[in-house]
Amino acid sequence: MALKNLRIAAVATAALVALAGCSAGGSSDSSGSTASDCAASTGKVDLSFTTWVPGMDKVVDIWNKANPDIQVTVSTVPNGNSGTYQNFFTQLKAGNAPDLGQVEYDTLPAFRVQDGLANIASCDGVQAAKADFADGLWNQVTFGEDNSVYAIPQDSGPMALYYRKDLFEKNNIPIPTTWDEYAADAVKIKALGGQITNFPKGDVNWFAGLVSQAGGQWFDTSDGTWDVNLTSDVSTKVANYWQDLLDKQLVSTIPGFTDQWNNAYDTGADWTWVSAVWGANTISSGAPSTTGDWAVAPMPQWDAAAPTSGAWGGSSSVVFKGTKHPAEASKFLLWLNTSTEALTALNTEANLFPASSTGATLPALSEGVPFYGDQKIYELFSEQSKVVSPFTWGPTMTQTYSDVSDGFAAAIGGSGTLLDALKDGQTKTVAALQAQSIPVK
Amino acid sequence: MTTSTPTLTKTPRPGRSGGAPRESRLSRSAAMVIMGAFTLYFLLPIWWLLVSSTKTLGNFNSTFSLWFIPTSLADAGDNIVKLFTYNEGVFPRWMLNSIVYATVAGGIGTILAAMCGYALSKYQFRGRELIFNTVLGGVLVPATALALPLFLIFSQMQLTNTFWAVFLPSLVSPFGVYLSRIYAASSVPDEIIEAARIDGSGEIRTFFTVAVRLMSPALVTIFLFQFVSIWNNFFLPLVMLRDQTLFPVTLGLYTWNSQVSQIPDIRTLVIVGALVSIVPLLVAFLSLQRFWRNGLGAGGLK
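Line by line, the protein sequences give chains F and Y.
Mind the numbering: the first sequence is residues -11 to 429 in my numbering, read in order.
Mind the numbering: the second sequence is residues 306 to 607 in my numbering, read in order.
Bound conformation, chain F alone (with noise of 0.2 angstroms):
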């Protein structure tokens, strides 16, 4: 329903994508999108599939050794963003594509329009599998059109607080609820010397979470073509807030998942982190000596009476257009996804947080974690991704990335402010739009 009037789009985009100037002659993507037959093969089938998660190579033996028909062989390449998405877009190109492969949320859209995913919805199993996930999560994987799946979640990325617990107590801090007190702490902390947290310029993905939890969206397609708003109402109180917290100096600067990022957690300058169930690992490697001092709780919240939170990050496994396989491939990333088996294994090889409701089940994720206190800090973020405030992303996410975030670091500089940065983005965004004949309002 809602990206329909797009597929005369993809179509008119598939030959534009990326590669000006050069044919490659005769791919097959004919018959647009409607939810092909899934007839199953006869014989061994192999597929291949192509991923970053770490450890993958280990997981998908356990469904080789089990499933002799169906072989899967694994590729680990650099991150999407590092290069891999715009291997897809090139390998869809020339005809030859991997079956299976990874997207993250934010990037689904942009393969969904340029007509590079199977609709798997006829397959065996696949439309039952939608009780396994958080409505917010599948609708990010079906686009909200009817009779249509294009990815399986993976994992998923809640957002929660987390923070020095050691410092508050002993400054007797209260831990921030809401935002106002958020910013309220946030003076009390600079007086100790401290700051309350960082203001990462490149990671506009993170402010997106934020808008997200506020109730905000950045994109809607619920009358066919795309609307582009990074500056409505909520997305201006968002980004104002922040701009007050950095107008007064009360949080860093520091680029994000840096170096001299992880030494200000490591030595106590920056207190707090708003981030998604992943991050515990990246405090707990990058702030060694903090071991015990932390906490997680919930984001602080824009209306207290209703508790909402963002997401930031999370992959889903697709079957790209092309594969003669969708029954088969369907059916491992089922197991991959949905199987305690596969999960138990995804989270000890690659600490993955399981998208599906089974995941939360695990035995790992309801342990105590000694770097947060013994906190069941996962148990929190279960909780946590039940109240995820669902979010659409925008098909030239990268772009839009890119552009929001070069604002971003202007602002800090001292010209222009974080709502300038999004108003620039809006422009730059719908001008993307336009070029590659996307439909926009």
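Think of the hints as simulated: they come from the structure by calculation, not from any bench.
So, partial list: chain F residues that the calculated Cβ filter (under 8 angstroms) puts toward chain Y:
| id | residue |
| --- | --- |
| 1 | S63 |
| 2 | N84 |
| 3 | N269 |
| 4 | S277 |
Each computed DMTMM-like pair below joins lysine to aspartate or glutamate, with the alpha-carbon atoms no more than 20 angstroms apart:
| id | chain 1 | residue 1 | chain 2 | residue 2 |
| --- | --- | --- | --- | --- |
| 5 | F | K46 | Y | D570 |
| 6 | F | K46 | Y | E393 |
| 7 | Y | K427 | Y | E496 |
| 8 | F | K312 | F | D25 |
| 9 | F | K158 | F | E169 |
| 10 | F | K158 | F | D254 |
| 11 | F | K46 | Y | D548 |
| 12 | F | K225 | F | D235 |
| 13 | F | K236 | F | D408 |
| 14 | Y | K387 | F | E337 |
| 15 | F | K53 | F | E329 |
Idealized CB from N, CA, C, for every residue including glycine.
Based on the hints, put chain Y in the right spot on chain F.
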């Protein structure tokens, strides 16, 4: 190349005692200070790399990053063992791949460039300048821009994700052709070729027995350039390959680095791996450096 000229112009050292122009003390020390600063600037990251690779992940952030700690020696050993055994020893495999891509393709590429440059310099034929200018135009096209078209061509031939996908494009070097032509023109006298012909040597034999020897400093230079550019070529393998066992070391380390957020322990391996991966480059440079300097100097004295 311009940045390396100071070391080159320093060569007339023997002449100093015999009345060569003497720089003032001030300009000498200014030059030394500037060179010292640049040396520090270039060596500091490598020093950091060396020191960091002797630390465990825990000590990596918490200790001073430009000096060793008491456990450095033991940790360095552990790190290297871990690097070479992690994931069924995929790292040595990557090193081997890089060495094969860089030496074999670099070697063949050097011979091809030398033959082409020699022919363009020594034979008169129709369209010679056209060919030369076309090749020269190739110097201006960055290899990165060619990776995607190459991928589509290799797709047609079902050669993507194979050894050949990285090997074949590494064979050509327009810059090598250019350098060979210039060098052949200046260092292989026509008279010698004439003499060889009169003595009954065929053209190919003349090339390999006479010209190659005269051109050898240039060939070493071309080989080093090729070696380094293949070793550092990252984008082509990124586009072409998805089978880890074919990766060169640059792409392999990049892949690991992109997994750091999920497996923090890999960070140490990336650092140690980066250090180990520059060793073959150092070896190539130190062992061939003498020839290289000769080559550049001689080419410049036309």
